[in-house]
Every structure is written in C-alpha cells, then in structure tokens.
Amino acid sequence: MEILKGTFRLKVGLAEMLKGGVIMDVTTPEQAKIAEEAGAVAVMALERVPADIRKEGGVARMADPEIILKIMEAVTIPVMAKVRIGHFVEAQILEELGVDFIDESEVLTPADEENHIDKHGFSIPFVCGARNLGEALRRITEGAATIRTKGEAGTGNVVEAVRHMRLIQKEIRELQTKRPEELYAEAKRLGAPYEIVKWVAENGRLPVPNFAAGGIATPADAALMMQLGAEAVFVGSGIFKSSDPERMAKAIVDAVAYYDDPAILAKVSRGLGEAMRGVDVSKLDEKELLQVRGL
Amino acid sequence: MKISVLSLQGDFAEHAEYFRKAGAEVELVKSADKIRNSEALVIPGGESTTYNRLMKQFGIIDALRELKEKGVPVFGTCNGLILLARSAKGEDPDYSLGFLDITVSRNAYGRQRESFEADISLLIDGKNVFRGIFIRAPKIQEVGPSVEVLAKLGDEPVLVRQGPFLGATFHPELTDDTRIAEYFIRLAENKGKI
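The listed protein sequences derive, respectively, from chains A and B.
Sequential numbering from 1 applies to the first sequence in the numbering used here.
Sequential numbering from 1 applies to the second sequence in the numbering used here.
So here's chain B without its partners, still in its complex pose:
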C-alpha cells in the first residue's frame, strides 16, 4: 500500500516517517497530477492560510475534490482536518472541502502557550489510551450523524471518520505510537471500509 503525503508545507516529513514506521511505502506529493493519482493521501499539520493560498495557486483544490468524488482514503491532521471539514470558524469558507460532515473552530484552545499534551481515549479495537499532542489545535464543534468518533479528549471528539475519510485535531505523527497510522493503512487497504 502506497501512502502519499501532501508536502506543500508543514510536518510532512514527520508523517512520512510515521507511516514508514507503520510499514507503509510513502511518497511525498505536491503537484496536482500526483495528488490526483494517489491511492491514499495524508494531509499534514501546517498553516491553513499558507495551504489555502498555495492550493488555489497551483490547482490543488480540484485534485482534492476529485479524490473526494472517487472516495480515495484521506487522513488529515490539524490543518488537514480543517481542510476536510464542512466548515471552519476562523478560516476562509473556500478552504474547507466537506470530506467530513463536521464543523471545526481554528486555533480553538488559544496560542502556542496553550498548546498541550494529554491522554485521550482511543476507541479503535476497544478502549485504549493514546498520547494526544495538541498544537494550536482546532476543536471539532458539530459532528454529523454519519460521522464516527474514534477518540475523545474528555468528552470532546478529537479523531473522527466518515467512510474513507479520517481526521484528527491532534498530532499522532509526533509520537512513536503507530496505532493511528496502522488504522489508516487498514482503511486504505480496504478501500475505505472497516
């Protein structure tokens, strides 16, 4: 299974390493053509305003819309989650492409001094603890009926899935715990069904 990691900006190298550790073949992609031909795509953390401008400039929005139409598995963290959401407070309305029926609020916990680490409950394969790294993180505010919540910080959803699309408000790629990468690889291998 080849996982493509969008490498326009952000912590794409950490994602690449995270998925390699989980056993996947990884390719960095940043041209519209390569994105269009991805079997599975990861959208990393980074700055959404930077992503928004680069995506408009280099025709990447259409390539992502095609992936959505085709149901190609996509995993977004932080910035990537904002892009996958239906809408995001504090961000250009054009940026959120509606892969996931959720609304989010950008930088919802505050500035960097409010960034935090905490244990979250991971609801994949039973109930387990996972270390959540939240950096100027967004918050998921509304979750549609067909969205499954896969991890929670207290009562807040922080990892959600809808069909082949997966999104996290935190950064699993900044830990050595590859369970979430393994889950996405499984999702990708099963063409979005699990």
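Pulled out of the complex, with its shape left as it was, chain A reads as follows:
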C-alpha cells in the first residue's frame, strides 16, 4: 500500500478544516488552553503578540522552540507558528518540531528582502499574507496552501484588512471580465504565472482558502471580514490585549460561526469589557507599517 504525505491536497485540506473558525495568537501554554476552551480551531504560537512587537521594536524572530513545544503539549487543536519572510531554516526547525502550519509572516522582521521561502519543499502547509491579488498569487506559486490578508497587525484597527480583502475580491471580479487573450497581459501586470491567473479568471476565487488577519479586535470585526468573503479569521493581539480575554475569545468564535446572524452578533457583543486600545493606522509613519514587507 503506497502512502503519500505532504501533498498539496493534504496541505490545503487542513486549511479547509479550519474554515469558519478562529485562529488565536498565544504566547504561553495557559493562553493556548484558554483559546482551545473558547473554541479556537487552531492557535498561533509566538513570543510576543504583534501589539507588543510594534511597541517594543527590535528584531522579531521565530518563537523559542521550547515555548512552541509546550504549547503543542498543552492543546489538541492544530498549532501554527510564525517564521520570518525568507527564513527557510526557521521553517525547517518548525517542521522538525512537528507544528501543523507555518505562517511566513510580515509581522516578524524579514530575513530576506528579495525572496520568500520555497514552500513546495516542505511537508507541512504554509499560510502567507497578501494585500492584493498579485501578492496572493505569487505566494501560492511559491507553495502557500492558504492566503490571509495582511491588514496592519497589532493595531486593533480592521481598516487595512478590509482594504486588502476588498481589493483581492475586486481584482478577482475584474479578471473574470477579461477576454482570454487579455489574461497574458494581466499575468504580467500581476507578476504571477499565466496558468494560475487563468485558473482564477475561470473559477472566480483563489485556488486555496482565503482567510482574514491584521487588526481584528472585536466580534463585529470578525463577522465583517467573514461577510466580506473571508473563510476564517486570525485574531492576534485582539484577544489577550482585551480586558477579559476568555469572554472576548468565546464571543469572536460565536461571531465567526454565526457571522450572518445579526441577532446572535448583537447578543455575543454585549458586555465584553474593553477591546484592545488600538491605533489609528493613518497616523502611523510609513516606516512603521508591517504590511509593506514581503511583496
């Protein structure tokens, strides 16, 4: 009996199982437990949540394997972890540890300003951030099994995630209006291979799941992203930087499951305490933006 592991179908398959769910950033096994009990479909193990990375500065790297392993022991749901853009050795380490999913993330300090990781060579799936269709298709070409919006992580401000999700959807709709011979020029404009551009034009969607991330801080934010077409939601600083993480986590899980039911959204949004403080993205200096990393 021939057994195949690490196929693209298995990588995308795991992402399909996460749809309609919430992936929560955690920095300790205790937080991972809280996330699992609240109904997270997966946790993202990292050393500092994006809001702290933003505040403290310095080089942000892959989390200590010790912390990641402790988080893997603490929960039964899939565990993801972040690597720096282009840092394929951090990815090799995470694969060796047995994490279930790798986020090649602009939230960490990039290790390579030219190249992303060749993700085809790994047996576990990768998720990558994108602001527009070109970025999304380039990451998929490199082997990403899931795309997420970049948003602007650590701000608690959903405006950039909304912009990125709307833009990706709009660019897909525009591709669908093109005549076949125009797709070659579109491929050139998008900086992505013709075959994948043609597939998107024919199918009207990305060939891998499309999730939302970056600045999601409330149940309403999460439901907004779902109504805009996201298939699952990452919440970074939004949970453990709120005044009552346990309640916030549960409420966001409920809001993603019932994103199209305002009665339930109204109910779960009540009395959650304070959401994370957040920052106005338009007041940020260009140099402070994380979303411009890794195009």
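In short, the hints are calculated from the structure, not lab data.
The beta-carbon is built from N, C-alpha and C at its ideal position, and this holds for glycine as well.
Cut-off 35 Å, straight-line C-alpha distance, at most; resulting in silico cross-link-like pairs (DSBU-like, lysine-lysine):
#1 B:Lys21 with A:Lys178
#2 A:Lys70 with B:Lys89
#3 A:Lys267 with B:Lys68
#4 B:Lys56 with A:Lys70
#5 A:Lys5 with B:Lys21
#6 A:Lys267 with B:Lys34
#7 A:Lys198 with B:Lys2
#8 B:Lys2 with A:Lys170
#9 A:Lys70 with B:Lys139
What the simulated footprint calls covered on chain A by chain B, stretch by stretch (three residues with Cβ under 8 Å from a Cβ of chain B suffice, anywhere in the stretch; the number is not a length):
#10 1-8
#11 11-19
#12 33-39
#13 94-105
#14 120-127
Position chain B against the provided structure of chain A, taking the given hints into account.
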C-alpha cells in the same frame, strides 16, 4: 432529496459541492430548528473542540439527539465521525452522541505531517479502490456487532454504517469521486435502509 450540511465550522462548503456534484439539492444549516427539520444531515470535518462548544452554546446537541431518535440519515466525516461514535479517546465524553456503536481515537495518526493519502478498499457494490484523504484523522478502534464496515485501509475500518448512520475517518469530499455521496443519497432516499 435535500441534503442538509451542518455549517457551524469546517469544510462544509466542500461537502455541499460534493453532494451537488452527486446530484443532490443541498442546504447549509446551522440553527437548531433547521437541523431538527433536516431530511438527511451531513456533519463535516472541522475541529471537534470548536464544534463541541458551539453545539452546547446554541442548543444543537438536543436537535441532533432528536434526529437520532427519529432515525434521520446522518453522515459524518472525521470530526463528524467522532460526534457519531459511542465514545472517543481524547475528546470530551459529552461530545460523542452514540449514533454508531463504535469507539474512536482522535488525531490517532499524529499531527499534520502524518496526514496522508492512500488507496482504500471500498466495499460498496463489490470491491473497489477509493482514494482516502486522511487529515489529522481519527481511528476506529472497536466496532459493535450491528455495524457494517464499508471501507478498509489495510485491515482498519475507515467507513462504517449502522442503519441510517454513516461515518468516515477520511475525506471523500476532498476528491472528485462521488461514489460515497451517491451511496449516502441512496441511503437517505430509502429512509436508512439499503
């Protein structure tokens, strides 16, 4: 025949597409009332801990128990199979509702890097090969006397039926091979008898 697909979380869209391809009318359901009124229900893959909490919160467990009492055909894959089992190792004992007289072990093959594809023997309409997609899959450990084994990976049961209830440890909905959807539609049309 209308097939309702539970859409709380997981790969419900893939199930909906799988059953549409097999010729069924499909409806996504996630409220207790709609679940209660299903003629046939599919419980997709997803995270069982997430399902468990949402089901408790939104009164869905009682709706599923009613379907079991009424003998409404139900098909569960992966997470769905854990829910249909009598008990599951590694899961909250309240989660498994005993539609099928089997015990299962959750994430039994290991983490994602141990997820795999392999040919399985499908024992519906003679003996045939089917591509099994196993993602952080559960294993069926004990099979009661009234449970029929409909597919095997080597010697392990991976698709089982007991009356109107069908469960798989793998993901037929991630393939283009609609034979298992067609089988469940037939089961549903015949009110659980085949």
